[in-house]
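With these hints in hand, go ahead and build the complete structure from the sequences.
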Amino acid sequence: MPEQQKQPGFLRRKGAAFLGAALLGLGIWQVGEAGYIHLKAELAQVLIQDAWADTLNGETEVRPWPWADTWPVARLQIPDLQVDLMVLADASGRSLAFGPGHLEATAAPGTSGHSILSGHRDTHFAFLQKVEYGTKIRIQSPDGLWRTYTTTDRQIIDSRYARLASGNGEAALTLVTCYPFDSVVPGGPLRYIVSAFEQQESAWLPPETHVDIE
Amino acid sequence: MPAIRPSDPFFADGAMTAPAGIIPPRIAAGCGKAIGIVLFSLITAIGLLVATLTLLPANSFAARAAGVPSTQAPGQSSDMPPMGLFFPSGPDGSALEAPRLHSDVRINVTGMIARVAVRQRFTNPSENWQEGIYVFPLTEKSAVDRLIMTVGGRVITGKILEKEQAKRAYDAAAASGRRASLLSSERPNVFVTSLANIGPGEEITIDIEYQDSAVYRDGIFSLRFPMVVAPRYTPLEKTPQEGPKTVKSGAASPAIQTPAIFKPEDRDLFGPVGERVNPVTLTMRLDPGSPLGSLASLYHPVDIEDLDDRRKVITLREGSVPANKDFVVEWRLASTDSPQASMFVEDYNGESYVMMMVTPRSQKPDAGNLENLDQGPAITTYPPRDVVFVIDTSGSMHGASIEQARAALSLAVSRLQPMDRFNVIRFNNETFSLFDKIVPVTADSLRRAQAYVNALESDGGTEMRPALLEALKMNADADAIGHELRAENRLQQVVFLTDGAVGNEAELFRLIAEKLGSTRLFTVGIGAAPNSYFMRKAAEAGRGTFTYIGDPNEVSVKMSALLRKLERPALTHISLGWPGAAGKRIESYPSTIPDLYEGDPVVVISRITGVEADTLSGDVLLSGRQGQDTWQRRATLDRPKDAQGIAALWARSKFGEITDGLFLGRDPVAVRIDALEVALEHQLVTSYTSLVAIDDQPARPKDEALHSLEVPREMPEGWSRDKVFGASGASGPELTPSRDPASLKSKAMPVRKLPASIAAMAPSAQGTAVQLPQTATPATLNAMIGAVLVLLGALVFAGISLSRRRSGSHA
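First to last, the sequence lines map onto chains W and P. 66 is the number that our numbering gives to position 66 of the first sequence; each next residue is one higher, with no gaps. 712 is the number that our numbering gives to position 712 of the second sequence; each next residue is one higher, with no gaps.
Accuracy of the hints is not assured; some may be wrong.
[Stated by the list, open to error] Mimicking DSS-like on lysine-lysine, the simulated pairs with C-alpha atoms at most 30 Å apart in a straight line are:
#, chain 1, residue 1, chain 2, residue 2
1, P, Lys-437, P, Lys-515
2, P, Lys-515, P, Lys-473
3, W, Lys-136, P, Lys-159
4, W, Lys-130, P, Lys-437
5, P, Lys-312, P, Lys-437
6, P, Lys-473, P, Lys-558
If you are wondering where the hints come from, they were derived from the structure by calculation, not from laboratory data.
Set out below in structure tokens:
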């Protein structure tokens, strides 16, 4: 009789063990995936940093690892927020996994034009929500020169209507990431934008004056 | 992951640890739920990293990004049409003209100044989201200073900002895809603004306001409103006598290649022929300041309502309106023998702005009298004059210039009258005068002067200062010469003929301002490329006028006009006497009241600080001298206070005087600060400021944005739907839904080519669409799912062990 009672309980436990193992396995996989995304983002930056050093030494299109299909084009630093990032040559989904990307249609970062950099809101560009008016952003171009930009605007836009201003030759920098920052599900049309212009003091406007275009 | 950051001085102090945002707490949170599991997963991840760096072509999020709906902005075009709203998304880069639902024009004329408000409503009959470019022609000197655009509940307003600031705001907004447009004063002839993101079937309302000014010529005021569909290149200059001839010449402008499809003559006003669906209402309130002599609309049938003897309301009669005709109203003041003064008051921000306008004696409607240029001043009621002629004989005047100057001077000398006194000074790098002082006109002195003038040759450099000084001094000393009339009862004039090729302008302006006294300086520009700026400003400083003679054939006509002014100044020494109540702080521009000459009204605007217009009362005493008589007028301040645009005009005058300071040697930074203050306070578009129009609303909430893309908006139901503007009582009649809504659904919009120049002026229309990549990873999602799964798995095992223990104890 106990034999008969034990058998179904054993089977039940065995099935449950399988289920539990499957759940655990899937969970591990998911968490690993999440960890992997962040790990990749961080590890790649280290490799890209070496590539950037080579770039500064005169090489061009230095690939951070042999099979990479992107290369660093600029270095971005924000002293106030202790940010130091290598900017990659394109902003495809593949490249963005490793670092912020430069939108190829825009001016090269660190030159006297309007360049747009894009980065993941939860990895490289997570710091964007801490950027404030007046925050200084430095960009190093491959020739080793630094340009300092001052943040003049932050806003949320709908990416479906995004247009690139032809600009007036001024050195301008726009950092883009997805919005809202804490949304769980990726996707959606909203973007968070930080606009910065190369530092130019205006004699007749107090520095704290900024254009409120909300 | 504390990254190694070699050889970077910026990080050399070691103060920097791993950036907080790069290894986010989410990972820790995810890992904390199953510590061992996470460690294991990280090790796996490291292994996987090397193995699969290439095998991640499209991460899951990238694939998802591809699925995000994306509305590319409509295609750009480099060519677009003239007035109205255009969608640059037509075939082959042409533009589609948005159907005009309604246009409402309100013009308030106060004296000579006109405040024009235009409200136009358009619709987007297509099924696409559109970008629109709004084009409105303006007359030369006006600038749009108010702008409101309404699209589907979005309100976009124009703001006047310091130029640099405006540019930045514009750039930032345009880059971010918001609707923005930038308007600066550098483009005075046409107003262009762009408007993106117009949904299918949406109505667009555009309000603009600008200041304009009536043209005064030969006693007739005329004001023009560019209602035409024709290209804006229509010459705006026209004289009433030859009106119909010139008005239609616009379409033939060589500057623009108008395609054959576009024939303004074939179109009715505001709509295709045969489709009277675009009502236009126009209301003009006219307050000329003095009783009217006559009033007429040249090309359009109007109804005129009298408010009182001088104030009129002119309404465009309903019905079809002729195409390619500007709306032109002309009026004439009641005929008088002496100058007329009128007063207008506007309240702006609690301060009173008072405009005084003095119009010269009305012309007798005797055309022969006007045209007969050789007619001498036979009537001797004109006061005697002391005239010093100064002629530039420097090398730069060589050739045709010196001949023109000789001819002009010879004419001027021949018109001198027996009571006059005169002298002739010539200068190059030295200064010579014909007589050592001013001499009376005699047969002998005239003969000597003519011989002197005819012998003038050009040579040498240009030292204008001594000559100018000498001329002014001669006039000042003239009083010492015994004569039955004291100098102050005479008109003292300096006529200065030059090409103005000087470098020390500022110094000369100062000299004129200091030494002018009661003398008036009249400059005559000679030659193909005179320094008009210098001469205009010099004449302003010298309280005279500037005459430009560009062609030898013009010498007689232009000099005669000038000499008429010299001989018959209508009113001099004008001054204002304020009633005690208003005698607070009064700031008037122009700060020196110019003399009134035949053909030029004088306008002086004063601001009375701290006094509201409603509390003003009493009379202002205007006095001046008309010849040897005293002229006085009282003008009451108790007038209706519905004048518009006076404050803006005051600010413009003030701005002009401030920026003139640049030429008097003021510090440019100080000038800029002062000028900006005026421009920003009064919202002027100037050389230092721009009008930038930016969407007032923040970006739409996420859900709403998606919604508006997926669900096409319904077609407009009729006028009553417009909650924002339709309710205004003043525009009542056109609100009746009399039109067939079906016609709106037609997608047959006229196709136009817009001139490239206009397209270039709509900057945001030029911006290229930018695809901003999807920039979120599924890491958070993964971590959360993973955590839940791990938790569930753990629960299952916990359940197993629990049940085993229970069954074990049971056994």
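Each hint, compared with the structure:
1. Annotation: proposed proximity of Lys-437/P to Lys-515/P holds, straight-line Cα distance about 17 Å (limit 30 Å).
2. Between the alpha carbons of Lys-515/P and Lys-473/P the distance comes to roughly 8 Å, so the proposed pair stays at or under 30 Å and holds.
3. Between the alpha carbons of Lys-136/W and Lys-159/P the distance comes to roughly 27 Å, so the proposed pair stays at or under 30 Å and holds.
4. Straight-line distance between C-alpha atoms of Lys-130/W and Lys-437/P comes to about 80 Å, which puts the hinted pair past the 30 Å bound.
5. Of the pairs offered as hints, the one joining Lys-312/P and Lys-437/P is violated, with about 55 Å between alpha carbons and a cut-off of 30 Å exceeded.
6. Distance hint between Lys-473/P and Lys-558/P is fulfilled; the C-alpha atoms sit about 27 Å from each other, no more than 30 Å.
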